[in-house]
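Construct the entire structure; sequences and hints are all you get.
Listed here are the chains, written in short residue letters.
Number of protein chains: 2
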Amino acid sequence: MQSKIVNFLKASQGYISGEEISRQLKVSRAGIWKYIQELRHAGYDIVAVPHLGYKLVSSPDKLLAHEIQFGLNTKTFGKKVIYYESITSTMEPAFRLGVEGEAEGTVVCAESQTKGKGRLGRSWVSPKGKGIYMSVVLRPPLAPAQASQVTLLSAVAVCEAVNLSCSVNAKIKWPNDILVNDRKLAGILTELNAEMDCVRFLVVGIGINVNTPLGLLPEHSTSLKHELKKHINRIEVLREILRRLEFWCDTLRSPEGFQLVIQRWKELSMTIGRRVRVLDASGEVEGEAVDLDKNGGLVIRHDSGITMKRMSGDVVQVR
Amino acid sequence: MQSKIVNFLKASQGYISGEEISRQLKVSRAGIWKYIQELRHAGYDIVAVPHLGYKLVSSPDKLLAHEIQFGLNTKTFGKKVIYYESITSTMEPAFRLGVEGEAEGTVVCAESQTKGKGRLGRSWVSPKGKGIYMSVVLRPPLAPAQASQVTLLSAVAVCEAVNLSCSVNAKIKWPNDILVNDRKLAGILTELNAEMDCVRFLVVGIGINVNTPLGLLPEHSTSLKHELKKHINRIEVLREILRRLEFWCDTLRSPEGFQLVIQRWKELSMTIGRRVRVLDASGEVEGEAVDLDKNGGLVIRHDSGITMKRMSGDVVQVR
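Chains as they are written, first to last, in our numbering: chain A, 19 to 337; chain B, 19 to 337.
Just so you know, the hints here were simulated from the structure itself, not pulled from any lab data.
Honestly, I wouldn't trust all of these hints.
Said to hold, decoys possible - One side only, chain B facing chain A, incomplete, derived with CB under 8 Å: (1) 137; (2) 211; (3) 213.
Only a predicted model underlies this, so the values are computations on that prediction, with no experimental measurement involved.
Cβ coordinates follow ideal geometry from the N, Cα and C atoms, glycine included.
Okay, here's the thing in structure tokens:
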């Protein structure tokens, strides 16, 4: 009911009377008043003027379910949002939901994470109310060996979403970092649960530095606020991520869908064509990043002319 | 303390006095009596004769932790056993334990499963007290794409364990069925939890028809009792499985370890060199199964001379 009243206030031009809300939502005047009080408590600035009614002045800067869902226009992504003020990592409840059979597109998001996770056991700095910290349950029909397709897909979706909603020129650094002006803006983490023959579900974790002060972030990081010199509405970025994720997950299910993902990934990539040094468990290799193979591996041409492939690791772009 | 008393009784020749047990285990005579009553209730046949003491006549035919651990002689496998009289599937608690960080080698076993799981969403018939239904937590240092190594390894371990403990001639049918005289004796299921770059843990589920009446089993199945025309001690088979699993998991960690697994798999295989028809999501292919590739895929030579590879699916051995 709270979310219905918020949507009602948002859809209204100017003031709307309590009587009108009461009639349309079939709630008593006293009930409306109680919900308005609760919304104010949650951070909504709602003005009440005698004989005029209520008016929504501003919404709280929080990743609340009904804020995300307002005007979202997706089919399934974000239809269910689980919100935490604070959590260890959004990956944990999301993974549990996956085990319990939660549908594709369900989102877990939080205002802050006490143990935000990055790739390879690293942490993700997650100060309260500053960034987007979210995990999404996905159920693509893939074998475990193809799961990296989803990492590439997610990088494309997040990169496009940031560019569309904020007019920046974000690029993808292999395998799944999102950079603006050569500095890290967002990271993507993928965890999977599978049988030998098929993935049961994946959880994609997305961390974005939106209004995060650079002083709190690791070296070579940036935030949308820093790049654009203004406070950014996290909700709009989050909604666009869900729309692009849904689009690309639909695309992946079509014939040749993954070829379209790879093609788009290459367009958005800042790695292909660059000289790179890749460090992984097997050691270090330097050369030109010439291509992405059909499984999402990075193809590197060594100066000797030999080409090598790396499925994971860290990339240093040499020039 | 119950398990200490059982081990004490097992280690004794003939009768042992309550006084002796009481002194060595530092428990009161009344305490000993209470534990003996509990053990009898659990199915142990313990005789008590005045002036002689206690004697263990027989142990219950159950997969109890201290029965499995007696004389096990492994380093880590089976050091922790979680036992259920009945459970949906041993995979469920085992997977939960994996998520919670449980160590490699921890075993979940059950007398019966109400939703025993097979590969590809199939069920596994699990009548009470008749078969071995177990799941083991493994933590090999692998990438998700290499996880099929563990399926092959588990098939080798189970096949060897059955042959060693029961003197049958079990063979492996690709990818992970154990057959005796061309009929299915055991099945292996592998589930994994991974990040993109590394497997966090795997759970290997093993189902074996030990004393199961053929009338309860699907077509083309067999049981150890049926093959050997006698009741089989499940505990001995289970212990041997844990020993062989530990051996092969250690082997996998050594350089060239997986080559040794593949080599042994081929020795035990009834698929390589045979004419097969493989059905998977991509359709059907018929030809000669000529080899196992380095990732555990089956290499099939079509009559046209073309060789193809299959990573999963069902094999029908044509001749």
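Going through the hints against the structure:
Given hint, residue 137 (chain B) at the interface with chain A, holds; its Cβ is 7 Å from that chain's nearest Cβ, closer than 8 Å. A least Cβ separation of about 6 Å between residue 211 (chain B) and chain A falls short of the 8 Å threshold, and the interface hint therefore holds. Using the Cβ-Cβ criterion of 8 Å, the hint placing residue 213 (chain B) at the interface with chain A is satisfied: the shortest such distance is roughly 5 Å.
Violated hints are absent here; each numbered hint is respected by the structure.
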